[in-house]
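For the sequence shown, counting from 1, position 33 maps to 33 in my numbering; every step adds exactly one.
Here are the in silico distance ranges between beta carbons for each label pair:
1) Leu3 / Ala59: 49 to 55 angstroms
2) Ala62 / Thr2: 42 to 48 angstroms
3) Ala71 / Phe31: 31 to 37 angstroms
Quick caveat, the hints were computed from the structure, so don't treat them as lab data.
Cβ coordinates follow ideal geometry from the N, Cα and C atoms, glycine included.
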Amino acid sequence: MTLNGWLQIALYVGVLLLCVKPLGLYMARVFNGERTFPRPGLAAGRAPHLRDQWGGSTARAALDDVHGGDAVVQSGQLRAPLLPCNGCSMCCR
Numbered sequence: 001m002t003l004n005g006w007l008q009i010a011l012y013v014g015v016l017l018l019c020v021k022p023l024g025l026y027m028a029r030v031f032n033g034e035r036t037f038p039r040p041g042l043a044a045g046r047a048p049h050l051r052d053q054w055g056g057s058t059a060r061a062a063l064d065d066v067h068g069g070d071a072v073v074q075s076g077q078l079r080a081p082l083l084p085c086n087g088c089s090m091c092c093r
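Hey, can you work out the whole structure from these sequences and the hints?
Written out as structure tokens, the structure is:
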């Protein structure tokens with residue numbers, strides 16, 4: 001491995017180690033429901049009965065996943081006639 005490769009690994013590990021402590025403290029504050037800098041009222045300012053209702057957000061995330069998959073499939077079907085055929089039996093009709 002070259003010197004450049006070792007320097008990149010050292011830089012990556014150094015930056016990673018510098019980020020561990022601040023991110024760990026921030027995550028601990030978020031998980032404990034304390035106020036944090038970027039979003040002070042996200043978890044701490046909400047009523048406990050509203051904080052515990054996760055079913056609606058789970059359903060919305062699942063629906064977004066389904067609709068996103070549909071969009072990917074539909075965009076592929078729209079582009080298919082424009083792409084060249086590579087000899088496979090699926091695209092050559």
